[in-house]
Amino acid sequence: MPEVVAQRLDVLAGVQQIGVVLDDTGERERAIPWLKRAAEAGGTRAMKRLAMVAFHQGKTEQTRAWLEHAAEAGETDAMALFGALLVGEGEVEKARPWLESAAEAGETYGAGILGISSVEHDRT
Numbered sequence: 000m001p002e003v004v005a006q007r008l009d010v011l012a013g014v015q016q017i018g019v020v021l022d023d024t025g026e027r028e029r030a031i032p033w034l035k036r037a038a039e040a041g042g043t044r045a046m047k048r049l050a051m052v053a054f055h056q057g058k059t060e061q062t063r064a065w066l067e068h069a070a071e072a073g074e075t076d077a078m079a080l081f082g083a084l085l086v087g088e089g090e091v092e093k094a095r096p097w098l099e100s101a102a103e104a105g106e107t108y109g110a111g112i113l114g115i116s117s118v119e120h121d122r123t
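So the sequence shown is numbered by numbering that gives the first Met the number 0: it starts at 0 and just counts up by one.
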């Protein structure tokens, strides 16, 4: 049984890496199906990459959804980015737990956004 799990993880990592490499080399359209396959199988790196693709395409709902999925799966930088997105949308209280979790995990961006949003929130 552990061998089967290891094989599935290797396949997921491979599929995810193919998508990332294709995207990094400017072949975004070819990358997207690979990234989606990996993300749907639980690949948090692919989820985060799909969020960035959606962001650059101006697709706010997709950006939010992929970041939220990655954050819920424990990707600390996605927690920080999702928290920052929520702060930008004025949802400071909803953002706080994500930013705190990211900061506790050592994500400095999350800690910075948490500090800034706390100062701004205290002013209102």
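Hint data in this document are derived by calculation from the structure and do not stem from the laboratory. Since the model is a prediction, treat every value here as computed from it, not as a measurement. For each residue, glycine too, the CB sits at the ideal point set by N, CA and C. It is possible that part of the hints are untrue.
To be verified - Taking lysine-lysine and the DSS-like style, the derived pairs with C-alpha atoms no more than 30 Å apart in a straight line are: (1) Lys93 - Lys35; (2) Lys35 - Lys58; (3) Lys93 - Lys58.
Claimed, not checked - Distance ranges between label pairs, derived from CB positions: (4) Gly105 - Ala64: 22 to 30 Å; (5) Gln61 - Ala40: 29 to 37 Å; (6) Gln61 - Thr107: 25 to 33 Å; (7) Glu99 - Thr59: 31 to 39 Å.
Straight-line Cα separation of Lys93 and Lys58 no greater than 30 Å?
-> It holds: about 21 Å lies between the C-alpha atoms, which stays within 30 Å.
Assessment of proposed distance window 25 to 33 Å (beta carbons of Gln61, Thr107) | About 26 Å separates the Cβ atoms of Gln61 and Thr107, which means 25 to 33 Å holds.
Is the distance from the Cβ of Gln61 to the Cβ of Ala40 consistent with 29 to 37 Å?
-> For Ala40 against Gln61, whose Cβ atoms are near 18 Å apart, the range 29 to 37 Å is violated.
Outcome of range test on Cβ distance (Gly105, Ala64; 22 to 30 Å) = With a Cβ separation near 25 Å, Gly105 and Ala64 satisfy 22 to 30 Å, so the hint holds.
Proposed proximity, Lys35 with Lys93 (alpha carbon, max 30 Å) = holds (27 Å)
Quickly compare the C-alpha distance for Lys35 and Lys58 to 30 Å and report which way the hint goes.
-> It holds: about 15 Å lies between the C-alpha atoms, which stays within 30 Å.
Measuring from beta carbon to beta carbon, are Glu99 and Thr59 in 31 to 39 Å?
-> Check failed, 24 Å falls outside 31 to 39 Å.
When the structure is compared with the earlier hints, violations turn up for hints 5, 7 and for no others.
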